[in-house]
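Enquirer: Since the structure of chain A is provided, determine the placement of chain B on it from the hints.
The listed protein sequences correspond, in order, to chains A and B. Residue numbers for the first sequence follow this note's numbering, so the first one is 1 and each next one is one higher. Residue numbers for the second sequence follow this note's numbering, so the first one is 1 and each next one is one higher.
These aren't lab readings, by the way, just hints derived from the structure by calculation. Quick caveat, the model's predicted, so the values are computed rather than measured. From the three backbone atoms N, C-alpha and C, an ideal C-beta is built for every residue, glycine too. Honestly, I wouldn't trust all of these hints.
As the list claims (entries may be wrong) - So the derived label-pair ranges between C-beta atoms look like this: (1) B:SER81 / A:ARG15: 40 to 46 Å; (2) A:ILE12 / B:LYS79: 35 to 41 Å; (3) A:PHE60 / B:LEU46: 19 to 25 Å.
Said to hold, decoys possible - A few chain A residues that face chain B, going by a derived Cβ cut-off under 10 Å, partial list only: (4) SER33; (5) PRO43; (6) PHE45; (7) GLN100.
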Amino acid sequence: ETGVTQSPTHLIKTRGQQVTLRCSSQSGHNTVSWYQQALGQGPQFIFQYYREEENGRGNFPPRFSGLQFPNYSSELNVNALELDDSALYLCASSSGGPDQPQHFGDGTRLSIL
Amino acid sequence: RKEVEQDPGPFNVPEGATVAFNCTYSNSASQSFFWYRQDCRKEPKLLMSVYSSGNEDGRFTAQLNRASQYISLLIRDSKLSDSATYLCVWSSASKIIFGSGTRLSIRP
Numbered sequence: 001e002t003g004v005t006q007s008p009t010h011l012i013k014t015r016g017q018q019v020t021l022r023c024s025s026q027s028g029h030n031t032v033s034w035y036q037q038a039l040g041q042g043p044q045f046i047f048q049y050y051r052e053e054e055n056g057r058g059n060f061p062p063r064f065s066g067l068q069f070p071n072y073s074s075e076l077n078v079n080a081l082e083l084d085d086s087a088l089y090l091c092a093s094s095s096g097g098p099d100q101p102q103h104f105g106d107g108t109r110l111s112i113l
Numbered sequence: 001r002k003e004v005e006q007d008p009g010p011f012n013v014p015e016g017a018t019v020a021f022n023c024t025y026s027n028s029a030s031q032s033f034f035w036y037r038q039d040c041r042k043e044p045k046l047l048m049s050v051y052s053s054g055n056e057d058g059r060f061t062a063q064l065n066r067a068s069q070y071i072s073l074l075i076r077d078s079k080l081s082d083s084a085t086y087l088c089v090w091s092s093a094s095k096i097i098f099g100s101g102t103r104l105s106i107r108p
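This is chain A alone, in the form it adopts within the complex:
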């Protein structure tokens, strides 16, 4: 069984740039959720995709957008990067929706200079 994989592991960007983070879900999982985790905080829910449709969204501005593909992999796109976007971005997959246990990838650490 293949677990959740994320790429890249680390990324450095400057303010105003755009970034795309990628996630492959665990085999058999059709739901992907994205989270932002700042140091010392719990993961903050960005949004979730179920069968290629956005299925719920947290309190993040529209410059945070996403996609899910037919193979259930997913992308998180962030436009107009701000310094406060520096964080660990976690992807998690599950089968059947947000009320199911989440299985996390190792995350992408994004630094904004």
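Expert: Same frame as chain A, now just chain B:
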């Protein structure tokens, strides 16, 4: 008020002790609850789901009190390897809320 609140700790207890954490939630809509464990600079890992009737997994016991809107995690006979941050999670059909986590440190 945060939707999910946890005591940040740190809890510093000796090996073999019993330790308990609570987590309160404010949204009483239909929901599911979980406890996750996160080691330093690692991803969260599911510890256990929390069921209405309470559930146990080895040394770990989870309880849900819907009337008072809190969930709890009890760890018996704590081990050094239990040192981690414990995150409680509230989720509904369209939203997932993590608490900020409770840091636990087990000393020899």
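Enquirer: Hold the hint about PHE45 (chain A) up to the distance rule: shortest CB distance to chain B must be less than 10 Å.
Expert: Because about 5 Å separates PHE45 (chain A) from the closest Cβ in chain B, which is inside the 10 Å limit, the hint holds.
Enquirer: Are PRO43 (chain A) and chain B close enough, Cβ to Cβ, to be under 10 Å, as the hint says?
Expert: Holds, about 5 Å.
Enquirer: Regarding PHE60 (chain A) and LEU46 (chain B), is the given constraint of 19 to 25 Å on their beta-carbon distance met?
Expert: Holds, at about 24 Å.
Enquirer: Against the range 40 to 46 Å, how does the distance between the Cβ atoms of SER81 (chain B) and ARG15 (chain A) compare: consistent or not?
Expert: holds (41 Å)
Enquirer: Is the interface hint for GLN100 (chain A) satisfied, with its Cβ closer than 10 Å to some Cβ of chain B?
Expert: Check passed: Cβ of GLN100 (chain A) comes within 8 Å of chain B, closer than 10 Å.
Enquirer: Holds or violated: 35 to 41 Å for the Cβ distance of ILE12 (chain A) and LYS79 (chain B)?
Expert: The hint (35 to 41 Å, Cβ to Cβ) holds, given that ILE12 (chain A) and LYS79 (chain B) are roughly 38 Å apart.
Enquirer: Hold the hint about SER33 (chain A) up to the distance rule: shortest CB distance to chain B must be less than 10 Å.
Expert: With a minimum Cβ separation of about 6 Å from chain B (threshold 10 Å), the hint on SER33 (chain A) holds.
The structure fails none of the hints (numbered hints given earlier).
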